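Taken in sequence, the protein lines are chains H and G.
Those letters in the first sequence? Residues 40 to 363, by my numbering.
Those letters in the second sequence? Residues 55 to 331, by my numbering.
These are calculated hints, taken from the structure and not from any lab test.
Hints are supplied without guarantee of correctness; some may be wrong.
[Said to hold, decoys possible] Looking from chain G toward chain H, a few residues come up when the C-beta cut is under 10 Å (computed):
(1) Trp83
(2) Ile138
(3) Ile178
(4) Gly203
(5) His205
(6) Gly233
(7) Phe238
(8) Ile241
(9) Leu245
(10) Phe288
(11) Ala306
(12) Ile315
(13) Ile322
[As the list claims (entries may be wrong)] Pairs of lysine-lysine residues, derived as BS3-like cross-links and limited to a Cα-Cα distance of at most 25 Å, are as follows:
(14) Lys275/G x Lys154/G
(15) Lys185/G x Lys275/G
(16) Lys153/H x Lys247/H
(17) Lys185/G x Lys221/G
(18) Lys159/G x Lys221/G
(19) Lys159/G x Lys55/H
(20) Lys221/G x Lys55/H
(21) Lys193/H x Lys101/G
(22) Lys55/H x Lys155/H
(23) Lys101/G x Lys154/G
(24) Lys247/G x Lys117/G
(25) Lys55/H x Lys154/G
No experiment lies behind these values; they were computed from the predicted model shown.
Glycine residues also receive a C-beta, built at the ideal position from the N, C-alpha and C atoms.
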Amino acid sequence: MTTPTRAPAEPSARLKRETVRYMWAYLFILPQLVFFIVFTIYPIIMSYVYSFFEWSGFGPLSDFVRFDNFVRLVKDDKFWNAFGNSLVFMAVKIVILMPTTLLMALVLNHAFFKGKVFYRTVFFLPVVATTSIVGIIMKFIFGNDQALVNEVLKALGLISDPIPWLGQSGTAMGVLIVVGSWKFFGMMMVYWLAGLQSLPGDVYEAAKVDGAGYWQTLRSVTLPLLVPVGSVILLLTVVNSMNVFDLVKTLTDGGPFFATETVDLYIYNYAFSTSGFPQIGYASAAGIVFGLTIFVITLLLGWLGRRTGNSRQSRTAKQAMGGM
Amino acid sequence: MAARFSVRSAALHLVLIVLGIVWIYPFVWMIFSSLKTNTEFIVSGFKLLPEHAQWDNYARAWKTGNFSAYFSNSVIITCTTVAIVVIMCALTGYALGRVKFPGYKLFVLAITATMFIPKGYTIIPIYQIIKHLGLLNTMAGIIVAESSGAHVLFILLYMTYFQNLPKELEEASEMDGCGFLRTFFRIMLPLAKPIIATTAIMQFIWTWNSFFVPLIFSLNKPELRTLAVGMYAFVGEHTVDWSGMAAGASIAVVPVVLVFIVFQRFFIEGISGSVKG
Numbered sequence: 040m041t042t043p044t045r046a047p048a049e050p051s052a053r054l055k056r057e058t059v060r061y062m063w064a065y066l067f068i069l070p071q072l073v074f075f076i077v078f079t080i081y082p083i084i085m086s087y088v089y090s091f092f093e094w095s096g097f098g099p100l101s102d103f104v105r106f107d108n109f110v111r112l113v114k115d116d117k118f119w120n121a122f123g124n125s126l127v128f129m130a131v132k133i134v135i136l137m138p139t140t141l142l143m144a145l146v147l148n149h150a151f152f153k154g155k156v157f158y159r160t161v162f163f164l165p166v167v168a169t170t171s172i173v174g175i176i177m178k179f180i181f182g183n184d185q186a187l188v189n190e191v192l193k194a195l196g197l198i199s200d201p202i203p204w205l206g207q208s209g210t211a212m213g214v215l216i217v218v219g220s221w222k223f224f225g226m227m228m229v230y231w232l233a234g235l236q237s238l239p240g241d242v243y244e245a246a247k248v249d250g251a252g253y254w255q256t257l258r259s260v261t262l263p264l265l266v267p268v269g270s271v272i273l274l275l276t277v278v279n280s281m282n283v284f285d286l287v288k289t290l291t292d293g294g295p296f297f298a299t300e301t302v303d304l305y306i307y308n309y310a311f312s313t314s315g316f317p318q319i320g321y322a323s324a325a326g327i328v329f330g331l332t333i334f335v336i337t338l339l340l341g342w343l344g345r346r347t348g349n350s351r352q353s354r355t356a357k358q359a360m361g362g363m
Numbered sequence: 055m056a057a058r059f060s061v062r063s064a065a066l067h068l069v070l071i072v073l074g075i076v077w078i079y080p081f082v083w084m085i086f087s088s089l090k091t092n093t094e095f096i097v098s099g100f101k102l103l104p105e106h107a108q109w110d111n112y113a114r115a116w117k118t119g120n121f122s123a124y125f126s127n128s129v130i131i132t133c134t135t136v137a138i139v140v141i142m143c144a145l146t147g148y149a150l151g152r153v154k155f156p157g158y159k160l161f162v163l164a165i166t167a168t169m170f171i172p173k174g175y176t177i178i179p180i181y182q183i184i185k186h187l188g189l190l191n192t193m194a195g196i197i198v199a200e201s202s203g204a205h206v207l208f209i210l211l212y213m214t215y216f217q218n219l220p221k222e223l224e225e226a227s228e229m230d231g232c233g234f235l236r237t238f239f240r241i242m243l244p245l246a247k248p249i250i251a252t253t254a255i256m257q258f259i260w261t262w263n264s265f266f267v268p269l270i271f272s273l274n275k276p277e278l279r280t281l282a283v284g285m286y287a288f289v290g291e292h293t294v295d296w297s298g299m300a301a302g303a304s305i306a307v308v309p310v311v312l313v314f315i316v317f318q319r320f321f322i323e324g325i326s327g328s329v330k331g
């Protein structure tokens, strides 16, 4: 009994088999569905609901304040400061990482180059190291006058006096961005490598036949073909850059004087801070405003990615988006 | 031609090795610092080797620093979360990959649509739910919160894998009298070992490294701290025990790095899957 000729003679048995299979399928997705509804859908809805209330998280939701939380938020300079910090962190990190990680992937992917797995492992290591602990280690590496970075720079003759890296606003943000980029570099490198390996081989054959050299092939074949994958990578990096909490909390804790406070830290401080009364409604409003901003950014990027790809490549991009 | 390539690649190797050393130097520094005395830690500048290896730092972090408790919390939370997530995603992926049930499309659409909503921004309601379930300040609460989320990548990995298995497998198993459930557990799931490995390793590394969720859920109950959170608390409480701090950091980071190095093939495959689909 092979598939195409199966059981047209007994439709009721087949129907019964299908029904049984449906029942099992529903049973199989049930745990995930429950988790999804309870811990994803419901929280999304509730964070909107909370944002219209003045609420400390204890007792009933009774103090409906309409748009007061949002009004207060928009008027709060500290929120816009955090908002700006988050965007600066994201933008600079992307500008640093997009070209450098692509370059590294191209080098490692080169057919004549040996030791790909070794280098990939080395440059990937920061990705798997616990972020909060990386933050603490980096605090000691940059943190004081005798810290490693200052000692090295002094030994190299680049500076004569130690720099208080985490003590002044500009350098603290700089350290945060450098460490954040270092931490995520390996991830993007692997994304690019995956993208490079999924490129169609026949195009390269054709380029070879046409007598194109490495650089020419890179410029007119590889890079254009990578655009759709690149837009997916950009999207993933944007989403990743919103979650700086672990690093900011442990490395600078938002300091000095809120110079590195990002939106997720701002929200944490209102919702969970042990000093003072938690302001759940207000924190939710902040989460919504920032979340919507990011949503708009990802939509724009997705739209841009779809526009730049041709039909075949945009199919790859769509698959890639679906595959996240 | 060949000679030019070898000179060029030798130069490249040199650049990459120097860069690679700088790259992982923070970890090397951490491990060597964990063997120094506290005085050495401050005055030794960038001298790496300690006078005598101070293994005592580890004993101090383990006992006085509570790292033994943190370590066992990390192990319990991580392993349970991995088991829950892997089973849940395998079940979901199998149903989606093998049965086109009514509502199938809607389900896939719904989980992929919420993919871009970061966890940190829905944590407040999640915290309230855990509270209402009576799981606040319990290990179970942390595990449930860690297992939450839509696991889009994992589900799609299982879905594609099960989709591509031949239909005859299932039919042969049914002819042998196995039902849906038995076919899944006896025939299909064992075939999905590579995906099980990928998802388990990825979830292991994520949960082990998780900081935000265990931090929030152990704010009022320090006994529930994991290594990532315990380390943060340790730095706050023992401000001058730098080498103890380095020892604690090593205890937390070395296991996860080893797990990655041993199983990296699976991990990299999973990551690549997120761009390739």
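Outcome of the hint check:
no., hint, verdict
1, Trp83, "6 Å, holds"
2, Ile138, "9 Å, holds"
3, Ile178, "5 Å, holds"
4, Gly203, "7 Å, holds"
5, His205, "7 Å, holds"
6, Gly233, "8 Å, holds"
7, Phe238, "8 Å, holds"
8, Ile241, "14 Å, violated"
9, Leu245, "16 Å, violated"
10, Phe288, "9 Å, holds"
11, Ala306, "5 Å, holds"
12, Ile315, "7 Å, holds"
13, Ile322, "6 Å, holds"
14, Lys275/G x Lys154/G, "46 Å, violated"
15, Lys185/G x Lys275/G, "14 Å, holds"
16, Lys153/H x Lys247/H, "22 Å, holds"
17, Lys185/G x Lys221/G, "45 Å, violated"
18, Lys159/G x Lys221/G, "21 Å, holds"
19, Lys159/G x Lys55/H, "22 Å, holds"
20, Lys221/G x Lys55/H, "18 Å, holds"
21, Lys193/H x Lys101/G, "14 Å, holds"
22, Lys55/H x Lys155/H, "53 Å, violated"
23, Lys101/G x Lys154/G, "63 Å, violated"
24, Lys247/G x Lys117/G, "39 Å, violated"
25, Lys55/H x Lys154/G, "15 Å, holds"
In the structure shown, a violation is registered for the earlier hints numbered 8, 9, 14, 17, 22, 23 and 24, in ascending order.
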